[in-house]
Amino acid sequence: MLLTEYEGKSLLRDAGVPVSDGFLVRTADAITRRKLTYPVAVKAQVASAGRGKAGGVVRAATPAKARSAARRILAMCFGAERPAAVLIEPWLVIKRELYLCVTVDPAAQGYVVLYAPRGGIDIERGKPPVRYDVGPARDFRAYRLREILRDIEPDASVREKVIALARRLVELASTRDCVTVEINPLAQLDDGSLIAADAKIVRDEYAAFRAPDIAASIASATRQQPRPIARALAGDLMLVWLDGEVGLISGGAGMTMATMDLIGDAGGRPACFLDCSNNPTPAGYRLAFDLLDQAPAVKVILVSIFGGLTQMDRVARVMKDIMQQRRARKPVVFRLNGTNAKQVADIFAGTGLSNHATLESAVAESVAITRKAGRR
Amino acid sequence: MSVLIDQRTRFVIQGITGNVGRFSARDMKGYGTAVAGGVSVNKRDSDVEGVPVFPDARAACGATGADASVVYVPAATALDHVVEAFEAGIKLVVYPGDGLPLRDAIEMRAAANANGAILVGPNTPGLISPGKAKAGFMPSFCYTPGPLGVISRSGSLSYEACFRLTTAGLGQTTVIGIGGDPVKGVSPAEALALLHADPETRAIVYLGEIGGNDEYAVACYASTPGAKPVAALIVGRQAPKGKKMGHAAALIGSHADTHPAKMKALLRAGVHATGTVTELVAAVKAAILSIPEMVDKSFTLDVPFSPRERG
Chain A
1 MLLTEYEGKS LLRDAGVPVS DGFLVRTADA ITRRKLTYPV AVKAQVASAG RGKAGGVVRA
61 ATPAKARSAA RRILAMCFGA ERPAAVLIEP WLVIKRELYL CVTVDPAAQG YVVLYAPRGG
121 IDIERGKPPV RYDVGPARDF RAYRLREILR DIEPDASVRE KVIALARRLV ELASTRDCVT
181 VEINPLAQLD DGSLIAADAK IVRDEYAAFR APDIAASIAS ATRQQPRPIA RALAGDLMLV
241 WLDGEVGLIS GGAGMTMATM DLIGDAGGRP ACFLDCSNNP TPAGYRLAFD LLDQAPAVKV
301 ILVSIFGGLT QMDRVARVMK DIMQQRRARK PVVFRLNGTN AKQVADIFAG TGLSNHATLE
361 SAVAESVAIT RKAGRR
Chain B
1 MSVLIDQRTR FVIQGITGNV GRFSARDMKG YGTAVAGGVS VNKRDSDVEG VPVFPDARAA
61 CGATGADASV VYVPAATALD HVVEAFEAGI KLVVYPGDGL PLRDAIEMRA AANANGAILV
121 GPNTPGLISP GKAKAGFMPS FCYTPGPLGV ISRSGSLSYE ACFRLTTAGL GQTTVIGIGG
181 DPVKGVSPAE ALALLHADPE TRAIVYLGEI GGNDEYAVAC YASTPGAKPV AALIVGRQAP
241 KGKKMGHAAA LIGSHADTHP AKMKALLRAG VHATGTVTEL VAAVKAAILS IPEMVDKSFT
301 LDVPFSPRER G
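Those sequence lines, one after another, are chains A and B. Just so you know, we're using the working numbering here: the first sequence kicks off at 1 and counts up by one. Just so you know, we're using the working numbering here: the second sequence kicks off at 1 and counts up by one.
It should be emphasised that the hints constitute simulated quantities derived from the structure, not laboratory data. Note that beta-carbon positions come from the ideal geometry of N, C-alpha and C, so glycine has one too. Hints are supplied without guarantee of correctness; some may be wrong.
Pair by pair, the computed Cβ-Cβ distance ranges are [claimed, not checked]:
#: 1; chain 1: B; residue 1: Val41; chain 2: A; residue 2: Ala84; range: 57 to 67 angstroms
#: 2; chain 1: B; residue 1: Arg58; chain 2: A; residue 2: Ala84; range: 49 to 59 angstroms
#: 3; chain 1: B; residue 1: Val41; chain 2: A; residue 2: Pro212; range: 23 to 33 angstroms
#: 4; chain 1: B; residue 1: Lys264; chain 2: A; residue 2: Gly350; range: 22 to 32 angstroms
#: 5; chain 1: A; residue 1: Thr62; chain 2: B; residue 2: Lys264; range: 39 to 49 angstroms
#: 6; chain 1: A; residue 1: Leu36; chain 2: B; residue 2: Asn42; range: 53 to 63 angstroms
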């Protein structure tokens, strides 16, 4: 879960990282009610990358200019995203832009610190940042990071400040369940001090059970999703819409992706990634059918599950019930295999439902149905 | 031989009184696995499926001499139970659960390292040495003994893949579900090292996907002199960029995460790699046929396999 800059900076402030004092406004006129020292920065609060290059950060020297900048930014789209608010901050006079990031990395078996002496919006075009593999947060050692920074950051005063900040970021990531804490740019001001001029913090959604603020962000993000996605999330299903016609109900990420690939190879296009493995219950499958039955683009539903813990005799009984009660007429193709799959044929016997022996034949039938639907 | 587990491995199941624990105790025993004991913190039953239940891991190990554990508890308490197992002296812990916070995954892995023990998981069906023992809940009929060591990031894909291999007569020494999370116990490089050292494993099959950088460890191994032949299936060609596809690590963030980049690296390293499950058996046969003394054995290529990058 990616936080907005404003939310991220508030976490940084709590962790002892210097940030500007800013405030959020949702309308341009709200700026007038504040007493400010100009110039200010007017910054779009969006998750999408490349905000600066897209014109989402503007310097405004007067209240009138700040209002017009805010009005313009609030009406802009960044990718598919419209900013719900803009952040107003004192405009920083930056001497040098640095890059500092702490993220979770498989090779480090934990946290890694990334640093580049030249950051900013073109960070990806420069030399890749140097890395210090920390591991668990308690294994952070200032001297190891100092060794790594010695050659690329000759300014000893900056280096020591970066090391102190890196320690705070590692502790923040660990104690507040952050996957990534990225400061780009970390601004060096004329007086030599460092301040986080931006913040990209990704929090770990899996930690929601112990972090009420993460749980609240997830709930709020879910409310803002289009209704089908919100319903899927609420029902513990994983739904990603794609733009095809084959509605795929499946279990397990790897098999879902393998099936999507086969649909593509057969000349069809998957309509979605819908993984029911977190909720393989009658309610979960009912919701999955409901979502796909209501999506006009979906011409056929392919149920492809290879169950381990999910017992296929139970799934087959649920499918039989759903097929008997469901009003929608969209054709459904089954390929069920896995634990207790031998019983599926008996359960389907006499219902008109059939179970494909192979994934390939199930995919072929599904794609053939979408072709027929396309010709009609 | 096999790696990590065989018929001599003695298991405890932590969380044995839950639905999954009960199901798995019955299933593992049915496969011939030595399930010596169970652990339940609010011990209501004295035995489950004929397995004695203990209040904690130390008691279970003391009474049964168990040296491995499968932990079926929710993510919220998983770290505590896994660390308890390590500190009770258990040298192999399988944690199949998903939804584990990264910080806890980091701590689990650190605890394994500190105790000189091995962790498999999180987010895995576990591992199986066909015909000998299983530690997890994969469907047993998908596996048969044979010369292949299998490593998989995805549970469901490993069932489908191994079902195809088994149907084609291509059995396995050990199938290790390393899991789809970014921080984990046994990593691809470690799984490769284990299978490399096992004399009965003649070739290695890797089942991967988009996102993360696990596949590069496979390419790195395959290009090492003396490496065993490797076949690979990488899924996710149709996945859109920037969306998380179920697994925490299955997200295309940078170019190296993409399907074409991974296929290119694997093919360049000499891996018999394919992007479609339909070609898996042919790719594996091609890998086996690259072992000189396997050529005149019973393996034949009925489908020609020519590795290539797919769009």
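How the hints compare with the structure:
1. Range check, B/Val41 to A/Ala84: about 45 angstroms between beta-carbon atoms, so the 57 to 67 angstroms window is missed.
2. Checked against the given bound of 49 to 59 angstroms, the beta carbons of B/Arg58 and A/Ala84, roughly 53 angstroms apart, stay inside it.
3. Checking the proposed 23 to 33 angstroms range against B/Val41 and A/Pro212 shows it holds: the Cβ atoms sit about 25 angstroms from each other.
4. The hinted range of 22 to 32 angstroms is not satisfied by B/Lys264 and A/Gly350, whose Cβ atoms lie roughly 51 angstroms apart.
5. Taken as a hint, the range 39 to 49 angstroms is violated for the pair A/Thr62 and B/Lys264, whose Cβ atoms sit roughly 54 angstroms apart.
6. Between A/Leu36 and B/Asn42, the C-beta spacing of about 59 angstroms keeps the proposed range 53 to 63 angstroms intact.
Figure legend: structure checked against the earlier numbered hints; hints not met, in rising order: 1, 4, 5.
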